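The listed protein sequences correspond, in order, to chains A and B. For what it's worth, numbering that gives the first Met the number 0 labels the leading residue of the first sequence as 0, then goes sequentially. For what it's worth, numbering that gives the first Met the number 0 labels the leading residue of the second sequence as 0, then goes sequentially.
Wrong hints could be hidden among the right ones.
[As the list claims (entries may be wrong)] Here are some chain B residues pointing at chain A (derived, C-beta under 7 angstroms): (1) Asp75; (2) Ala193; (3) Glu282; (4) Gln288; (5) Leu289; (6) Leu303; (7) Pro304.
Calculated directly from the structure, the hints in this document are not laboratory data. Since this is a predicted model, take the numbers as computed values, not measurements. Glycine residues also receive a C-beta, built at the ideal position from the N, C-alpha and C atoms.
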Amino acid sequence: MASSNISGKPGVPVTFDKVAKSFGNVMVLQEFDIQIKPGEFLVLLGASGSGKTTALRILSGLETASSGRVRIGDRDVTDILPKYRDISMVFQSYALYPHKTVGENIGFPLKVRGVNAAEMEVAIREAAAQVQLETLLHRYPRELSGGQRQRVALARAIIRRPSVFLMDEPLSNLDAKLRGHMRAELKHMQETLGITTIYVTHDQIEAMTLAHRVAILEKGVLQQLATPAEIYNNPANLFVAQFIGSPPMNIVHGALQGDTFTAEGHSVKVPVKAKLRKAILGVRPEDCSVTTAAKGDVVGEIFTNELIGDHTLITVKTPKDMITVKASKDYRGKTGDKIGVSLTKSGLYVFDGTSGARVR
Amino acid sequence: MSEASYKFEKANRGLMERLFEPPAVGKMSPVAKIVAYSILVFWSLFVIFPLYWVIITAFKNGQIVNEGPYYIPFVDFQPTLDGWRAQFATDPFCDLQSVGRQFVLYIYNSVAFVLSPVVTIQPMEPQICKVWLAFSNSIVINVFATALCMIIGSMAAYALARIQYKPKFGNIMVFVALSLLTIIASYFIHWMIASAVALALFFLLVRAYGKHFTNRLGNGDILFWIISQRILPPIVVIIPIYMMFQAVGLLDTHLALIIAYAVANLPIVVWLMHDFFAGLPIELEESAQLDGATRFGIFWDIVLPLTRPGFAATTLLVLILNWNEYLLAVFLALAKSQTMPFMVAAKNAGERGILWWEMCAVIVVMIIPVIIMAILLQRFISKGVLLGAVKG
Numbered sequence: 000m001a002s003s004n005i006s007g008k009p010g011v012p013v014t015f016d017k018v019a020k021s022f023g024n025v026m027v028l029q030e031f032d033i034q035i036k037p038g039e040f041l042v043l044l045g046a047s048g049s050g051k052t053t054a055l056r057i058l059s060g061l062e063t064a065s066s067g068r069v070r071i072g073d074r075d076v077t078d079i080l081p082k083y084r085d086i087s088m089v090f091q092s093y094a095l096y097p098h099k100t101v102g103e104n105i106g107f108p109l110k111v112r113g114v115n116a117a118e119m120e121v122a123i124r125e126a127a128a129q130v131q132l133e134t135l136l137h138r139y140p141r142e143l144s145g146g147q148r149q150r151v152a153l154a155r156a157i158i159r160r161p162s163v164f165l166m167d168e169p170l171s172n173l174d175a176k177l178r179g180h181m182r183a184e185l186k187h188m189q190e191t192l193g194i195t196t197i198y199v200t201h202d203q204i205e206a207m208t209l210a211h212r213v214a215i216l217e218k219g220v221l222q223q224l225a226t227p228a229e230i231y232n233n234p235a236n237l238f239v240a241q242f243i244g245s246p247p248m249n250i251v252h253g254a255l256q257g258d259t260f261t262a263e264g265h266s267v268k269v270p271v272k273a274k275l276r277k278a279i280l281g282v283r284p285e286d287c288s289v290t291t292a293a294k295g296d297v298v299g300e301i302f303t304n305e306l307i308g309d310h311t312l313i314t315v316k317t318p319k320d321m322i323t324v325k326a327s328k329d330y331r332g333k334t335g336d337k338i339g340v341s342l343t344k345s346g347l348y349v350f351d352g353t354s355g356a357r358v359r
Numbered sequence: 000m001s002e003a004s005y006k007f008e009k010a011n012r013g014l015m016e017r018l019f020e021p022p023a024v025g026k027m028s029p030v031a032k033i034v035a036y037s038i039l040v041f042w043s044l045f046v047i048f049p050l051y052w053v054i055i056t057a058f059k060n061g062q063i064v065n066e067g068p069y070y071i072p073f074v075d076f077q078p079t080l081d082g083w084r085a086q087f088a089t090d091p092f093c094d095l096q097s098v099g100r101q102f103v104l105y106i107y108n109s110v111a112f113v114l115s116p117v118v119t120i121q122p123m124e125p126q127i128c129k130v131w132l133a134f135s136n137s138i139v140i141n142v143f144a145t146a147l148c149m150i151i152g153s154m155a156a157y158a159l160a161r162i163q164y165k166p167k168f169g170n171i172m173v174f175v176a177l178s179l180l181t182i183i184a185s186y187f188i189h190w191m192i193a194s195a196v197a198l199a200l201f202f203l204l205v206r207a208y209g210k211h212f213t214n215r216l217g218n219g220d221i222l223f224w225i226i227s228q229r230i231l232p233p234i235v236v237i238i239p240i241y242m243m244f245q246a247v248g249l250l251d252t253h254l255a256l257i258i259a260y261a262v263a264n265l266p267i268v269v270w271l272m273h274d275f276f277a278g279l280p281i282e283l284e285e286s287a288q289l290d291g292a293t294r295f296g297i298f299w300d301i302v303l304p305l306t307r308p309g310f311a312a313t314t315l316l317v318l319i320l321n322w323n324e325y326l327l328a329v330f331l332a333l334a335k336s337q338t339m340p341f342m343v344a345a346k347n348a349g350e351r352g353i354l355w356w357e358m359c360a361v362i363v364v365m366i367i368p369v370i371i372m373a374i375l376l377q378r379f380i381s382k383g384v385l386l387g388a389v390k391g
C-alpha cells in the first residue's frame, strides 16, 4: 500500500452516473453525468451554489447522493465509506492537524493504515521532497506560511498514491502571486504522477490553465463539458459564453431572420440560419473593433474608456446594451463620442433569447 | 433609559472607561500604579484570607479559638498540634506502620473485589485509621468516578456533536409506556420475565407501527433531555437511589459512589464537552476520515488533543464537584466507604459543639489534593491549540 515509489501509476477512470442530490426541497445537483478518463485533470467550474462542491463531496463519500451511482475504476463506490474509496482530498482550508508536526501530518494517512515506522519515514521524506518541504518536517502548521501549509496538504494527499485526487478550491486562500506559482506546480505534479484529479474552483483562469477538460455547472445542472479551448471558442449556451472570458462576452438583444440578425435598425450577417423573434448575439471584446458611426454594425456612444496596459477597454452604450471593445492602447476617444463597432463575422454567436441555448 | 440617566451616562463615560478599562500597568503614572497595586493587594488578601484562616485554625486548640480571634501565629498565639493529634495520634491505627499495613490490605481487598465473580477471596477487615480511610476512599472514588464520567460523557458529547440522531417520538412513548407496564406487571410475575416480554413487545410494536410515527426528535432535544436530568435536585431522588443500590447489594461500597457520582455529573460533562466538540472545524475530521482513520481514531487522535483545554477544565470541575459531594455519600456510604466531607461534618456532631480546630485540620488535608490537581491540569488549560488548523 505504501509504495515508496512516488511517480508512475496509471490513473483510473471516474464515473458519475445520473447523480442527484437534494437537501429537503432544494435540488443542488441534477442528473450529473460525467465520465472522467484515467489520469485526466478535470475542473468543476461554477459560481457558489452551483453544486460543484457537492459533486466533489459525493465522490469523496462525505456526502451521500440522493440518487444515481458513482464509480471509481470499475468499482461502484456509491455506498462505500470514504476511507475505502482510495481517494485523497485537499481542502480549501488545508485542514492540517495543528497539534501534529509537518512530518506527522504528511505521514498520517500511512499511520492510520498501520504502515511500519521505517517505511513511513522514507515515504514522508519522498512526499516532502516532491513539494520542497524536507527542511520543515519538524515544524508545526502554525509556524508555516500559507503557501507552505498548502504544500503540506498536498504532500499529505500524494503520500498514499491514491487512485483519485480531489481538490476543493485549494489555491483560493493564497495571495495572487503565490497562487500563480502553486498553479504551475500543481499542474506539473499532476502530469508527473498521472493521477486522475478532480478540481473544484470558481476561478476561470485556474480552470482554463489547469484542466484537460472543464465541466461548467450552474444551479446544479451541467452546462458544458469540454476542453478549455472548446469552451472558449464554442460555448454551448449563453451562460457558458458569459461565464468564461474576461471581460465577458458582449451580448446584443435583437431578432434573427434567416442569417440576418437585426437590432435597433442595424443588421449583421451571422453564420447561422434560423427564425427567432427574440435572439441574442454574442461577441467577444477581442472580435469587436472601433470604427465610425456610419460604418459600424452596431452604433452607440462611448460610456467609459479604460487603459489596461497593452490594450484599452472601451465600453459603448447602445440603446439596449453595453458593448465592451478591446481596442489598441493608443485609442483616444472621449466619453459621449458617437462611434460604430464593427464585428468580426467568425466571432459571432447566436443564442435563443428565451432559453439561452446556442443556435447553430 | 430616562433622559436624566442618559445624560449622566454621557457625561461620565470617560470616567467609567478609565475606571474599567485602565491602561497597561507599565504605562501608568507612579501614583496610579500605587493605587492600582494597593487595590489588587487588598483584593488578593480578601480572597486568600479564608484559606489562611483555615490553615492557622488547624494549629489552634479549643482555648485559643474561644478566646480569639487571634490572627498571627507565634505573635498572637502559640500554635499547637491538638487538632492534628485528634486525627492521628489518638487513633491507634494511624502510625506509619499501620497505614502501610492498611495500604496492603487495601490492595488485597481490591483484588478480592475484582476477582469476586471468578473466585471467592474473603476480604480482610482493615484496621481503621479514620482519616486515612476517608482520604483514600475519597481519592479512589474520585479518580474512578471522574474517569468514568469523562470517558462516557465526552464520547456521548462527541456523538451528539457529529452524528445526526432522529429518534421517533412515538417509539420513545411506546418504550415509556411498556416500562410502566413492566413495573406494574412485576408485582404479579417475576421481573425478569416481565422485562423480557416488554422488550420483545417493544421491538414488535416499533417494527409494526414505527413507520406511522412521523414526529422526530433531534440532537438538540436529546441534549436538552440530558441536561434536564441535572435540573432536578438530587434530594428528590435520593431515596429511590438508595433503594436501588440496596436492591443490588452495593450499599457502602466504593462502586456505589463511583456509579452515583459518574451518573450525577454526566449531564455537565456532556453539555460542556458538546460545545467544545461542536466548535472544532469539521474539515479536520473529514480530512482524517478520507485519510483512512476510524471514528474512534479520529476522536482519539484528532478531536481529543484539540479540545484538551476544555477537557482539562471539565475534568477539574467534575473532580471538585465529586470531592465536595456530601448528600449522596450520606445515603450510600454508611461506614467503610465514607469520604472526606464526612470527616469534616463529623466535627460538628459531638456534644462539645463544633470542634473548629479539628475540622480545619481535616479541611487542610482535604484541600491539598485539589490544589495539586489544579496545578497539574492548569497547564493544559491554555489557549491557542487550534492555531494553524484551517486559516492563515
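- Item | Numbered hints the structure breaks, given as an ascending list | 1, 2, 6
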